[in-house]
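Participant: Sequence:
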Amino acid sequence: MEDRSVTMPTSSITRAAKHSALRTPGDPRVLTMDEVVPYLVGHTVKEVERELILHTLVHHCGSRTRSARVLGISIRCIRIKIHEYVDLGIAVAAPGEPRVLVRH
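With my numbering applied, the sequence shown corresponds to residues 1 to 104, in that order.
Hint data in this document are derived by calculation from the structure and do not stem from the laboratory.
Where a beta carbon is used, it is the ideal one built from N, C-alpha and C, also for glycine.
You may find that some hints are simply not true.
[As the list claims (entries may be wrong)] Simulated restraints, written as ranges between beta carbons of each label pair:
1. Glu47 x Gly72: 14 to 22 Å
2. His43 x Val86: 29 to 37 Å
3. Thr44 x Val86: 17 to 25 Å
Model the full structure from these sequences, guided by the hints.
Facilitator: So this is what it looks like as structure tokens:
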């Protein structure tokens, strides 16, 4: 299977450019969904979901509760997904872990 991963700063993605309040210090600009989605074409929904969950966990320092709330899923759902990822050998941010770049 070929690796088709795309690296982008997920903390700078918003639904529209006018939401610049969501920009974090150091981000050169905020990406809109229209700018991000073309990079997702060719990836499965499962791959996109996994990356979104993993990057959200990193952004929230491993907090399952905050990540689930932001993603609009239940804490149980995120725990199930985390167990799936760990079983696949994918590193998952532990609660309280400082932010680090997600690569796998």
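Participant: Does the structure break any of the earlier hints, and which numbers would those be?
Facilitator: 2
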